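Undergrad: Spelled out, the chains give:
2 protein chains.
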Amino acid sequence: MLIDIALDAMGSDKSPEPEIRGAILACRQLQVRVHLIGPERTLRPLLAKQMHRVGARHLPIKIVQASEAIGMDEKAVHAVRSKRDSSMRVGLKLVREGAVSGFMTAGNTGAAMTTAKMVLGMLPGVDRPALLAVLPTSTGKPCLLLDVGANVDCRAKNLEQFALMGEMYARTVLKIDRPRVGLLSIGEEEGKGNELTREAFPLLQRLPIRFLGNVEGRDIYNGHADVVVCDGFMGNVALKTSEGLARLVRESLRESLTSTVTAQVGALLSRKAFNDFKKRLDQSEYGGAPLLGVRGVCIVGHGSSNDRAIMNGIRVAAEFSQANLNASIEQGVISSAAAASVPAVGSPVNSAVATGGSAAAPLVE
Amino acid sequence: MLIDIALDAMGSDKSPEPEIRGAILACRQLQVRVHLIGPERTLRPLLAKQMHRVGARHLPIKIVQASEAIGMDEKAVHAVRSKRDSSMRVGLKLVREGAVSGFMTAGNTGAAMTTAKMVLGMLPGVDRPALLAVLPTSTGKPCLLLDVGANVDCRAKNLEQFALMGEMYARTVLKIDRPRVGLLSIGEEEGKGNELTREAFPLLQRLPIRFLGNVEGRDIYNGHADVVVCDGFMGNVALKTSEGLARLVRESLRESLTSTVTAQVGALLSRKAFNDFKKRLDQSEYGGAPLLGVRGVCIVGHGSSNDRAIMNGIRVAAEFSQANLNASIEQGVISSAAAASVPAVGSPVNSAVATGGSAAAPLVE
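Protein sequences appear in the order of chains B and F.
To convert, count from 1 in the first sequence and add 54; that's this note's numbering.
To convert, count from 1 in the second sequence and add 54; that's this note's numbering.
Note that these hints are calculated values from the structure, not bench results.
All values derive from a computational prediction rather than experimental measurement.
There may be inaccurate statements among the hints.
No distinction is drawn between identical chains; accordingly, a pair holds when it is met within one copy or between any pair of copies.
[To be verified] No farther apart than 27 Å at their CA atoms in a straight line, the calculated lysine-lysine pairs in the DSSO-like style are these:
1. K171 with K246
2. K129 with K195
3. K129 with K171
4. K116 with K68
5. K211 with K246
6. K246 with K137
7. K116 with K229
8. K171 with K116
9. K129 with K246
10. K229 with K129
11. K246 with K68
12. K103 with K211
13. K129 with K103
14. K147 with K211
15. K129 with K68
16. K116 with K147
Let the hints inform the model, and build the full structure from the sequences given.
TA: Listed below in structure tokens is the structure:
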């Protein structure tokens, strides 16, 4: 059984080439059928050429017509309103209609989030969607950081929902047993942090998750936590700071290693080791960032995605859709709101069940 | 002429060894006289031993008695109140009395800031001190990030003062001509960011500095900006995230390079290149973080500081005190506050004259 995934062919900075090659890679390595969304007249000859290049005759790739593409620099709200036939909207409509199990784009993040919220709608009980980044750690296992850009100026309740959604993603998609969840702050003690984190701390403490309390920036990479929760401003800065530092490291290393002949010979001998090293830290191995909290599967990749990153984004979409995560989120968020036992808080559905049991009972599935 | 610098001998995680060795290094390489603050009975034999080890007979190092030390995990406010004879307080009192030109500690950051504020007081016109980190970039020139931990929950006005102080530090201490100042946010357009950055943007725009507008996390390391301004929560997370990633990179590289014999030989040949590379990114080359806005020179180093980091911290203290920065900050902040009250943005001196008793007056003592 193939899993159907819609791919925005017009998303990445160098689209549609990385998307087409990524789709081919995905169809050869994964159990997926790719719906390639974009202008058919452009895509068909390019797809034929790339398939010919790799010697592929038949692959489960289907081109779906969309006449417009949203640019990287377009304002999200305006682009979403004015481009009714964008590849993003067409792809997400396929998700809503159930024609595909998930959607992946390496395009404008703001536009992807806005379109996903509009086309798919929110899961009941979730106030705001969160973008989740999967980052490497020194233990070899990933660390999930959320939100990395969907929300600025969050309230404590949003962080509570992010914690729940992130924990469930770790558990159901990444199969991490009892994921450890930390709240990103500037010191470990409960009292440390800013207004937002101090307010969120007791809310997270109350959740039926393995809460570590406050964690610091360095804990994102040292394997101390499986899930790190923060507001989108914070998370976006942390992510982009990391990108900047990673690039500096790469450049400095390359410069140092080519500065003398001896160093060059040494680098040549260590080439395999360097490739291992690069692969361990390479973002493209992790695919894109899942958007949690919308009714459906939407993965947002980096604009600089190459074919491997696109392939991995498709893989993430397939894994996400297979894990039946959204049902769990709905259940979990609703239960948690119920546990808070404030009748008015949370989703419409929640209010109906908010009465039953003790504080902890509804949280157990 | 030697510059007198007080050094907290009891600050770092492994104190007093790195401090004693760092003081010896500093006296041999820099034009400084070090006042080593701590329990004389402990320090005297250790200093003699280390001097003997390096074959030094006479060095301008003076031990100044302080009976107490503040631990890394002590609560700042409590430690400062209860330990009246701490090495930090004794050192900062030497600064206040003019016996030394600056103070350096690798101890508890919160306690150092609290003690500095209490003992030295604030510069007139500055509401809150800011801790400034000096970070490496791909151009080889440093980038200054502030605040990295002195203030959570900042107001826009605090960011304005940080921008002014950081710009002056870049200009007077690091001799950067017309430093470019960016506001840390999540997108370049003026409208992007959270409430705080959107409110701070027009204030920074109005300052007599070369304002780049919003910059992103990656701009800290790519040489795009000389000074990056943010609140202390943000800056602390960005700094510690960077520390975590740098450690991950080091560990992964070491692991990859020792995985096979070929890689090991290669790494051996590239050893000099690796050392160059490490030195370029090594925090200890940058010494400690200056605390800006207090009446005097106070440098706070990392708890893990080694002797080189201590020596560089002493160097930073000496450079800071030589630059006469605090007089400029006082002048600049007062002028800028004055300028805020007149419709046209004038030169600092003019607007200071132009105002008298305006809305901005409370900023002036």
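Undergrad: Now tell me if each hint is right for this structure.
TA: Structure-based check of each hint:
Within a single copy, K171 and K246 get their C-alpha atoms only as close as 34 Å, which misses the 27 Å cut-off; across copies the closest is 20 Å, which meets it. Proximity of K129 and K195 under a CA criterion of 27 Å is satisfied in neither setting, with 36 Å inside one chain copy and 34 Å between copies. In the homo-oligomer, the alpha carbons of K129 and K171 lie at most 27 Å apart inside one protomer (16 Å), although the nearest pairing across protomers, at 45 Å, exceeds that limit. Proximity of K116 and K68 under a CA criterion of 27 Å is satisfied intra-copy only: 21 Å inside one chain copy versus 63 Å between copies.
With identical chains, the CA atoms of K211 and K246 are at most 27 Å apart both within one copy (18 Å) and between copies (23 Å). Proximity of K246 and K137 under a CA criterion of 27 Å is satisfied inter-copy only: 22 Å between copies versus 45 Å inside one chain copy. In this assembly of identical chains, K116 and K229 lie within 27 Å of each other by CA distance neither inside one copy nor across copies; the values are 31 Å within and 60 Å between. Taking the shortest alpha-carbon separations for K171 and K116, only the intra-copy value of 25 Å comes in at or below 27 Å, while the best inter-copy value is 66 Å.
Proximity of K129 and K246 under a CA criterion of 27 Å is satisfied inter-copy only: 11 Å between copies versus 36 Å inside one chain copy. Taking the shortest Cα distances, K229 and K129 never come within 27 Å of each other, neither inside one copy (37 Å) nor across copies (39 Å). With identical chains, the CA atoms of K246 and K68 are at most 27 Å apart between copies only, with a shortest distance of 25 Å across copies and 44 Å within one. For the homomeric pair K103 and K211, neither the shortest alpha-carbon distance inside one copy (50 Å) nor that between copies (58 Å) is at most 27 Å.
With identical chains, the CA atoms of K129 and K103 are never at most 27 Å apart, being 34 Å at best within one copy and 66 Å at best between copies. With identical chains, the CA atoms of K147 and K211 are never at most 27 Å apart, being 30 Å at best within one copy and 46 Å at best between copies. Proximity of K129 and K68 under a CA criterion of 27 Å is satisfied intra-copy only: 19 Å inside one chain copy versus 52 Å between copies. Taking the shortest alpha-carbon separations for K116 and K147, only the intra-copy value of 16 Å comes in at or below 27 Å, while the best inter-copy value is 75 Å.
Figure legend: structure checked against the earlier numbered hints; hints not met, in rising order: 2, 7, 10, 12, 13, 14.
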